[in-house]
Each structure stands twice: as C-alpha cells, then as structure tokens.
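Visitor: Here is what each chain is made of, one letter per residue.
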Amino acid sequence: MHPLARRLEALLFISSRPIAADRLAEACACTDEEGADALQALRTEYATGVHGIEIRDVAGGVTFAVADDCAEDVRRFTGAEKPDELTPALLETLAVVAYLEPVTRAEIAEVRGVSSEYALGALEERGLVEQQGRADTPGAPVLYGTGERFLRLFGLTSRNELPPLEEFSLGADEVDEIRSRLHANAERRAQ
Amino acid sequence: MHPLARRLEALLFISSRPIAADRLAEACACTDEEGADALQALRTEYATGVHGIEIRDVAGGVTFAVADDCAEDVRRFTGAEKPDELTPALLETLAVVAYLEPVTRAEIAEVRGVSSEYALGALEERGLVEQQGRADTPGAPVLYGTGERFLRLFGLTSRNELPPLEEFSLGADEVDEIRSRLHANAERRAQ
Amino acid sequence: MRAEASAVAAPPVMLELDLDVFDGPFDLLVTLILRDEIDIWEVRVSRIIAEYVVHLADTGEFDLDATSQFVVLVAALLEMKSRLLLEEDVEEEFEDLDPDEAARQLLERLVRYSQFRNAAGSLRTAWEEHSARLYRHAPVPAGLLRRRVVDGALSAGVLADALTPLLREPPVPDTSHLADLAVSLVKELRRLRLILDDEGEFTFAAVAPRGRLERAVTFFALLELHSSGEARLRQTRHFGDIVVSRITAPAPVIG
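Residue numbers (this note's numbering), protein chains in the order written: chain A, 15 to 205; chain B, 15 to 205; chain C, 201 to 455.
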C-alpha cells in the first residue's frame, strides 16, 4: 500500500472522531495534494465489501466504521446497543435546533408552540444538542446547537447537508385549506 | 477478503481490548478451525508493512495496533488534539462507575434515571472507563469499571482512595450501602 | 382544545357542584363551557377548587389520576379566563388587527411550524439509516499519546460531589398549598373588597404581598372581582401595573 496511505490509516484507526482532510495532511507533514492522493488510495483499499470496516465521510471529516453487513456480529459480541429511539417531540425539537442554531429555548418554544424544556434536556443527555454559550440579549439566555455526534448519528458531513427548509413547506393546497379553515373560525368569532 | 475474516476484522477494530482466540470463533458463530483459518487470512492481510495497523498477540488474545513506523504521525496528531472537558453528565456517570464498579450499563441508567449510552461511550473514548468482562446474569451484560488512566487523572493510587461521601458518612468501601441507597432513590424518583 | 382532548381521555373527576349558574357534575360543567353553552365569566373557579378540597376531605380518598385531571381542567379554565381578560387590552392595542389579519398571522405561524415538523420526518429517515452504525470508541494507547495524562489533573472530590445529588432522597412533592390556596383566595377576596369599598380604586402593586404564591392568589382574586362585575381592570402596557377600579356602587347607607 501507498506509504502515506498507511500513515493515514493509522491515524484514522486511532482517532475516535472523524478527522478533517487538512488535519490529516498536517499530522503527516505532507501537502494537501499528497494527502488527498493517499486518502484516495485508502478509499480504494477500503471500498465497500472488501474489508470488515469502511471509510465514512461524516461530521466534517473521515473516519472508519464497521461495514453494515458485519455490524450484527459486532453488536452481539460487544453488547453494544442501538441508540434509544427518538420520539416525535425529540426529533421535532432537534430539527428546530439544527436549522436555527444557535437558538434559545424561547425561540424553540415559539416555533413549536409548546415549552420544549424536557425535550432539550433529553437531547442534551443523549449528546445530540449542546450548549454553545449565551446570547447577547437581555437575560443572556443559553444558546443551543448541534455537534459532531448529531452529524455522525444522522450520517451528515456538515449542517449544510441538511435539505433546505423550503423543501418541507406545505403544498399550496394544504395552505389554502388551513387558510379557509382559519377564516371560517375568524368569521364565526366576529359575529 | 474471506467473509469470516472480514467479520473478525470488524470485531478486532471495534474492541478496545485484546480478544481471546476462542471468543473470536464464538462471536462469529463458527468452529474453532474456521475461526483459526479466518484469523490466519487476516494475519496475512495485515502482515508487517502492508497496512498502517497490524495484528499483535498480547496477553489475553489478539488485537490491532498501530504499526511502529506510523507511531510518530499518531503522536504528532494526538499532541495537537485539545483535551476534552468532562461535562456534568460525564462526571456523574464516571462517579457512578467509580463507586459501584463493576457495574452494568442498565444499572447505571437506572440509578441516573436516564439512558447513559452516550456518556459511557464518551468515557470509554477518553480511557476513563473500560469494559471489564461480563456479568453472570441473564444476557451476560458487559461490566464497566475504571482503569489506570482514571486513577492517574484523579491522582489516586487505588480505588480505595476515593473520597468518602461525607454528607452521608459513607466510606468509599461501603459499596453495598451506596448501591442500595442509589437504587432506593431511583425508585422513588420514578414514582 | 387541549383541555377538551384530556377531558375525553382521562378518568372523570367525580365532583358534584352546586354553583349559582350550574348544578351538576364537574365534567359536565367543563363540557358546557367548552361548547360555549355556559359563559366562563359566570363560573367562579375558586368555588370549584374549594368544593373539591371539601370533597377530598369528605371522601377521605385520594385518587391521583382524578386529582391530576382536576388540576389540568382547572388550569385550563383559569387560562381561558385570563385570556379573555387580556383580550380587551389586546384589542385596544391592535385596533387595526381585523379577524382576517389575525388569521393571516396564525397561518404564517402554522406554515413555519409545519416546515420543522416535516424536517423532523426527514431526520427520522436519516436516523434510521445511520444511527446504528458502529464507530470505534477506544482510548489512544499511552505510548501513542504525546499529550500525556497529567497525574492528579482533577481532584477526586468532584467525583463525590457528582454522586451526592443522586444519593439525596428526592423531595416528597408538597401539595399542601393546594388547600391553602383555596382558603386564602376567599380571604384575599374579602381583603380586596374592603380596600375597593374604601378607596374606590387601587393598583395591583400597591396591594400585592411579597411572596410569589401570595401574589398569584391576589391576581386570581382580581380575576374573580372582574368576573363578578365588581371591578374593572386596566393595564396600559404589558407587564405594567394593573389599575383596579370599583364598578358597583357601594351599598347605600341606611338611616
């Protein structure tokens, strides 16, 4: 194998976190181009199905992960459990944080229409949401955001990979339907 | 690569401790002979100089380790890494492990009242908590405990030096009493 | 809407009421209010609470489910009342806000919220595909660590501190203030009526006691005075002081 690729392999093996391409080059004291070539060689070596581990691009870097078809054996052996399911309330709160971060608890509550204190606590405990300082507004409320673990568990390289929020807009029909229902209500109340 | 060798590779990659040869066969649900063949195939694949990691035989079994000629890159990389803080959730989990070890994941979750999967993983990553075999109870859950790095970080020579819980006049050696009190409180909190 | 849903789902609160405007089971009263068949202004929430406290004392049975249900419904009634109270001010402030405009604003909020709800759906798909993937969580062997672990970098005392909160018994929830509240609400009403008779007008800040709970009781008493038509409440800006003025003439002095 490419000598530089071997060194990258050792780094990826040892690090518990994904490593960005420029940090890899830095650690190997090589140019970015040499690093990119070596990484390409490593990707070829670890193409799907060849080894029991694969190269994954997540959370702003590169990392090794167990190949999907070997995961069951590993899980049985290590007793590792799958992460707990996320309830709809947790997923919804997480979506608000991920799209609006840095975001305060009050802003989250405003979007969701309900207090999200419990959901935020549960997401923090699971390491999916973290406190990222305080806002410069009166009361200096805590700002929440997502971190590396969020990207990893959702298979994202960066938050930019989240589909644009506009993609999730309601269809024109649905908006019309809600509008007419609201108008009917307003009229009834005005009478 | 040999399909069974891929599964062994995944197991060795994920495990932070050496795995005994007979346990490898068991984990892959194959005969000892098949296991030995697969391991031999893996040894050939990872013969010195081929990859950045190698297979080593150490006390207790087989493990992956960084190839000697790649060690300097790894050191350069770890030297540049920033130390992580221990968040309150991590400290609490670490305290539960330190005072109750050996302890299962389920027991930690019960006394803390929240799933501690993420916290345990993060502590393992930092080398503060390690897997120490399996319990003799149904499902043979993994037992967690602290290790040498934990003692050094906290300036202890042995676990007997853990500070007594003064408010409760419990000594560090009174594990049974700490355990039963934690469980009683967990139950009360769940009501 | 939420109160309506829970009224269907949870066990009924077995409480017979005998109020000026209504005579029958509590659940029926709530249903009638929700259907706009009884005006909530006519209902004195403090009376309902007082009756429930008496009911609990009489039966000597404490049904946790039914009581939680009762608290939820009473809270819903109070919320409706306080909203109605605020409506006057809101209308003054946004005189131009016609029903169509209100509907438009609500629509905007709903549309925005539904984007996030749908985004949560797409996150679920990603979670199902990626969350179970296995990464290595192993410490770097000591020989490969340039940044060595510093002996005693952390004090062992923090471990004891971290464990201590878990060893402390969780406090028993104190519900005694529920009964106290009902009693002091009656007392507080009496006090405010006396001030109103004497002064004709006063402000919330001038009469409210110090404690948070006590202030809440004073506030509920104001709501009662308003609903019974005894006083008019004015608040010129949000979180500003509330001016309370007498509506009914004081009883004529005879002889």
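Source of the hints: derived by calculation from the structure; they are not laboratory data. Hints are supplied without guarantee of correctness; some may be wrong.
Listed below are several chain C residues computed to face chain B (Cβ distance under 7 Å; list not exhaustive) [claimed, not checked]: (1) LEU217; (2) ARG336; (3) PRO339.
These numbers were taken from a predicted model, which means no experiment stands behind them. For glycine and all other residues, C-beta sits at the position ideal for the given N, C-alpha and C.
Visitor: Hint by hint, say whether it matches the structure.
Guide: These are the hints, each one checked on the structure:
Violation of the interface hint for C/LEU217 is found here, the shortest Cβ-Cβ separation to chain B being roughly 31 Å, above the 7 Å cut-off. A hinted interface residue such as C/ARG336 counts as satisfied when its beta carbon comes closer than 7 Å to some beta carbon of chain B; here the least separation is about 6 Å, so the hint holds. Using the Cβ-Cβ criterion of 7 Å, the hint placing C/PRO339 at the interface with chain B is satisfied: the shortest such distance is roughly 3 Å.
Of the hints listed earlier, the one the structure fails to meet is number 1.
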